[in-house]
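Asks: This is what each chain is made of:
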Amino acid sequence: MSELKFRDPAMARHLAETLVHLMAEIGRPVAVMHVCGSHEQAIAKFGLRSLFPKGLDVIMGPGCPVCVTDVPEVDEGVVLARQGVRIATYGDMLKVPGTVQSLADAQADGARIDVIYSPSQVVDLARGTDEEIVFFATGFETTAVATAAIVTNDPPKNLSILSAHKYIPPVMEIVSEMPESRVEGFLAAGHAATITGSAVFEPFVARHKLPVVVAGFEPLDILAGVVELVKLIRDGEAKVVNTFPRCVTREGNLPAQELLWRVFRPIGGRWRGIAHVPNGNLRFRDEFAHVDARRRFDIDVKSLWDYAPPHLAHQCICGDIMAGIRNPVDCKLFNKECVPENPVGACMVSNEGTCKIWHLYGGVPDLSEIAI
Amino acid sequence: MCLGVPGKIIDIHGSMATVDFWGVRRQVCLDIVDEPVTAGDYILNHVGFAIRRIPPETISETLALYEQLMEENDMDVMAADVRGEIEAARE
Amino acid sequence: MSSCALPLSNVAPGRVTLKQGGGGRAMRALIEKLFIREFAAMPFDGVGLGAMDDGAAIPIGDQYLVITTDSHVIHPIFFPGGDIGRISISGTVNDLTMMGVTQLLGITCAVILEEGFPLEQLEAIQRSLVDTCIEAGTVVVTGDTKVMGKRELDGIVINTTGIGLARRVVRDNALRVGDKLVVTGTMGDHGLAVMAARHGLELEGNLVSDVAPINGLIAKALEAIGEGIVAMKDPTRGGLSSSLHEMAQKSGVGIVLEERKVPLTDAVRSAGEILGIDPLHVANEGKAVIGVAPHLAEQLVAVLREHPLGRNAAIVGTCIAERPGSIILDTGFGRRLLAEPEGEPLPRIC
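Residue numbers (my numbering), protein chains in the order written: chain A, 104 to 475; chain B, 147 to 237; chain C, 15 to 364.
Because the hints were derived from the structure by calculation, they are not lab data.
Cβ coordinates follow ideal geometry from the N, Cα and C atoms, glycine included.
Take the hints with a grain of salt, since some may be wrong.
[Claimed, not checked] Examples of chain A residues lying across from chain B (beta carbon under 7 Å, computed):
1) Gly-130
2) Ser-223
3) Thr-245
[What the hints assert, rightly or not] Chain C is faced by these chain B residues, among others (derived, beta-carbon under 8 Å):
4) Val-151
5) Phe-167
6) Trp-168
7) Gly-169
8) Val-170
9) Arg-171
10) Arg-199
[Stated by the list, open to error] Computed list of lysine-lysine pairs in BS3-like fashion (alpha-carbon distance at most 27 Å, straight line):
11) A:Lys-312 - A:Lys-342
12) C:Lys-264 - C:Lys-47
13) C:Lys-47 - A:Lys-439
14) A:Lys-148 - C:Lys-264
15) C:Lys-264 - A:Lys-439
16) B:Lys-154 - A:Lys-148
17) A:Lys-148 - C:Lys-275
18) A:Lys-342 - A:Lys-157
Let the hints inform the model, and build the full structure from the sequences given.
Replies: What follows is the structure, given as C-alpha cells:
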C-alpha cells in the first residue's frame with residue numbers, strides 16, 4: 104500500500120526547488136488560494152509552508168465547512184437539542200459557536216448529542232431506538248452525497264436531516280470578484296472534485312481567466328499542484344489542470360452527481376462571514392420533505408436570541424480571513440478574547456480554521472534557522 | 147468535510163465492503179462508488195462511503211506527472227543527485 | 015505561542031467543563047488557579063504540589079518517600095488490551111517509577127460503585143488488579159469501598175495511591191540544552207484503542223492498549239545509565255505532546271522532535287489518519303519519555319530494547335536553547351510548531 108502514500112521527502116525538496124525557480128522567473132509576489140480545509144491541514148501538518156518560497160502566498164480560502172456553517176444554522180441545531188430532540192453530528196461541528204451556545208454547550212446543559220463519523224452510523228442509531236433523531240448534516244458536496252445515499256435507501260421513520268450542506272464552486276466566484284483579492288489562481292479540492300469532476304471548474308476559468316489546478320492531499324500532491332499552478336500563472340494560461348488522476352476525472356462520479364442533485368437543490372444562503380453565496384447552500388427537494396428536519400419540526404431560532412449575552416461577534420473578521428484578504432493577526436480579538444477554549448468565530452473552532460491553525464502553529468514561524 | 151483516505155477492499159458483502167487501511171479495517175458502503183469493484187481494488191473512503199475506485203495505473207501516472215513537473219527545472223544542478231536518491235528509494 | 019491568561023471556566027461561567035479534565039491547558043489552568051495556589055505556598059520539605067510532578071517526594075534519611083494518587087474514570091471499563099483494574103495499578107506504579115522509585119512499598123485502592131454494577135464485571139476487574147500487582151511486584155495493602163445510588167455515579171470510579179522509595183528523585187524539569195529525548199516504545203496505542211471502542215467507530219484491527227506497569231523496564235534503565243537520566247515522564251493524557259510541552263516549559267528549553275523517528279504501529283498511524291487524530295496527542299499507559307545526556311542516548315536505547323516492554327525504544331528529539339517551552343516538529347518536509355492538546359480529541363472528518 105505504500106505506493107499510495109506520496110510522501111518522499113527527496114521528491115518534495117525537488118518540487119520545492121522547482122517552485123523557487125518558477126518564482127524567480129515570475130519576479131514578483133504571487134498569491135494563490137486553496138478552498139479546502141484538508142489542504143490547509145495537510146500543509147500545516149507536514150510543515151509545507153516552510154518549503155514554499157518567500158513571495159509565494161498560499162492562502163486558505165473559505166474551504167472549511169465547519170467555519171462557513173453560519174450562526175443561524177448552528178442555532179437551528181441548538182434549538183432542537185434544547186427541545187429534547189436527540190442530535191447526531193460530526194465531531195467537527197460540536198464546538199462551533201451559535202448565537203448563544205454551541206452544541207457542546209447544549210450537551211453540557213443536558214441535551215443529547217451523539218458524535219458520529221459516518222451517516223451510516225446515524226441510520227444505525229435511529230434503528231436502535233424509537234425516539235426522533237435529527238442528523239445535523241454539515242460538509243461540502245462530497246459529504247452531501249453520503250447524506251443523499253442514506254435518504255434514498257429507505258431511512259427509518261424516526262430519522263430526519265437538518266441540512267447545512269454547502270456547495271463550493273460558487274464561493275470561488277465570490278472570492279475572485281472581491282476587489283481586494285490578489286488571488287491569481289486556485290487549488291481545488293481533490294475529494295470534492297472526485298464527485299463533481301474537474302469539468303465543473305471550466306466555466307469559472309472561462310469567465311475569470313484564472314487557472315484552477317485540482318490537487319490531492321498527500322504532501323507531494325500538494326506541492327505538485329502548487330508547482331503546476333505557479334507554472335500556469337507564469338505562462339499566463341487560464342485553464343483547468345488535474346494533477347490528481349488517482350481520484351479525479353473530467354466528468355467525475357456521474358451516479359453520485361445524479362444522486363446529489365436528485366435529493367438536493369442549491370439555494371442562495373449565508374456563509375459565515377461571507378454574506379450571501381448564490382447557490383452555495385444545499386437544501387432538500389420537495390420529494391424529500393419527509394426527511395427534512397426543517398419541515399418536521401418547528402425550529403424557532405429567535406427563542407435563543409432572548410438569552411444572547413453581549414458578544415463580540417461584530418468584531419470578528421473571519422469572513423475577510425476566509426476570503427484571504429486579511430490574516431488572523433489583523434483581528435483585534437485573535438489570541439485575546441478569541442482562543443480555541445473560548446472561540447468567537449468559527450475560524451478558531453475548526454481544526455482547519457485559519458485562526459485555529461495560526462494559533463496552534465504560531466502563525467507561520469521561520470523555524471528553518473534552528474540548528475540541532 | 148474533505149478527509150478521504152485510500153484503502154484496499156478485502157471482501158464484499160452486499161453493498162458493504164471490508165476495507166483495509168494499513169492494518170486497520172472498517173466497513174465501507176459501496177452505494178455511491180462509480181464503478182464496479184472487487185476484492186483487491188483500492189478505493190477512496192469518505193465518511194464511511196467509497197467515493198471512487200482508484201485505478202492502479204493512475205499511481206504510475208501520478209509519479210510520472212511529478213517527474214515531468216520536476217523537469218521544468220533545467221537549471222537545477224542538484225537534480226542528478228536527487229534523482230539518484232529517488233531511484234535508490236524505489237529499489 | 016500565545017500565553018494568554020485562561021479564564022477559569024468560560025463556556026459556562028461558574029461551572030466546570032469536560033475539557034478541564036482532558037489533560038491539556040484548560041486542565042492545567044484549573045489546577046493552577048484553584049488547587050495549587052494556596053497549598054504550594056504552605057511550608058513543605060520536599061517535592062510538593064507546586065512542582066506538579068508525577069508525585070510528591072518527602073526526604074527520609076538518605077532516601078525519598080514518594081507518594082502519588084490517581085482517580086480512574088475510564089470508559090469503556092473494558093477495552094482492547096486491558097480494563098480499569100489494570101490501568102489503576104499500572105498508572106500509579108508508573109507515576110512512582112517516573113519519580114525515580116526503585117522500591118515499591120504498596121498501593122491503596124478505593125472503589126466507588128454504582129448501585130446495580132454487575133458482580134461478574136467487578137470480579138474481572140479484581141482479577142486484573144491482582145494480576146497487575148503481581149506483574150509489578152507490589153500489593154494492594156488497604157482500601158475503601160462505597161456504593162452510590164443508581165445514576166449518582168457512572169459505573170465505577172477507582173482511586174489508587176502508591177508509595178515507594180527512591181534514592182534519587184528524577185524530576186521533569188531538569189532538561190538541559192543538548193539533552194536527547196528517548197521514548198520507550200510506540201506512541202498513541204492506548205488512546206486510539208479506547209477512542210475506537212468508545213465512539214463505536216467500528217474500526218477493527220490491531221488497536222490495543224499498551225497499558226502495563228513499566229517499573230521493571232525503567233529500573234534496568236536507571237541501573238545502566240544512572241544520573242545520565244535527567245528527566246522522565248509518562249505521556250498519559252495529552253500524549254507525547256503534552257509531556258514534552260510540560261518538560262520543556264518547566265526546564266526552560268525548546269525541543270526539536272523528529273516526527274519520522276517517533277515509533278508508531280501501522281494500525282495507530284492508519285487509525286489516526288482515518289479519524290484525523292494526531293497520535294502525538296493521544297494517551298499512552300505503558301510508556302515513558304526520558305531525557306538523557308546525549309552521549310548516553312544510544313546506550314539507553316540499547317538497554318531498553320533488551321526488555322520486552324522497550325523493544326521499540328527510539329531517540330526522537332533534542333533540547334535546544336531557542337523557543338523555550340515550545341516543541342518544534344520536524345516533519346521530514348519542513349518544520350512547524352507542535353500544538354499543545356487542549357482536551358480530548360474528537361474524530362474529525364475534514
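Asks: Now tell me if each hint is right for this structure.
Replies: Here is how each hint holds up against the structure:
Evaluation of the Gly-130 of chain A hint against chain B yields a violated restraint, the C-beta minimum of about 15 Å exceeding 7 Å. With a least beta-carbon distance of about 5 Å to chain B, the hint placing Ser-223 of chain A at the interface is held under the 7 Å criterion. Proximity of Thr-245 of chain A to chain B holds as hinted, the smallest CB-CB distance being about 6 Å (cut-off 7 Å). Taking 8 Å as the C-beta contact cut-off toward chain C, the hint placing Val-151 of chain B at the interface holds, the least distance being around 5 Å.
Evaluation of the Phe-167 of chain B hint against chain C yields a held restraint, the C-beta minimum of about 5 Å falling below 8 Å. Interface restraint check: Trp-168 of chain B against chain C, minimum CB-CB distance 4 Å, threshold 8 Å, status holds. For the restraint placing Gly-169 of chain B at the interface with chain C, the shortest Cβ-Cβ distance is roughly 4 Å, inside the 8 Å limit, so the hint holds. Checking Val-170 of chain B against chain C by beta carbon gives a least distance of about 4 Å; that is within 8 Å, so the hint holds.
Residue-level restraint check for Arg-171 of chain B holds (minimum Cβ-Cβ distance to chain C is 5 Å; threshold 8 Å). The criterion of a C-beta within 8 Å of any C-beta in chain C is not met by Arg-199 of chain B, whose closest approach is roughly 18 Å, and the hint is violated. For the hint linking Lys-312 of chain A to Lys-342 of chain A, the alpha-carbon distance of about 8 Å falls within 27 Å, and the restraint holds. The straight-line distance between the Cα atoms of Lys-264 of chain C and Lys-47 of chain C is roughly 17 Å, inside the 27 Å bound, and the hint therefore holds.
Between Lys-47 of chain C and Lys-439 of chain A, the direct Cα distance comes to roughly 19 Å. Compliance with the 27 Å bound is thereby established for this hinted pair. The suggested pairing of Lys-148 of chain A with Lys-264 of chain C holds, with an alpha-carbon distance near 26 Å, which does not exceed 27 Å. A hinted pair counts as satisfied when its Cα atoms are at most 27 Å apart, and Lys-264 of chain C with Lys-439 of chain A qualifies at roughly 24 Å. For the hint linking Lys-154 of chain B to Lys-148 of chain A, the alpha-carbon distance of about 25 Å falls within 27 Å, and the restraint holds.
For the hint linking Lys-148 of chain A to Lys-275 of chain C, the alpha-carbon distance of about 16 Å falls within 27 Å, and the restraint holds. Taking the CA atoms of Lys-342 of chain A and Lys-157 of chain A, the gap is about 25 Å. The hint holds against a cut of 27 Å.
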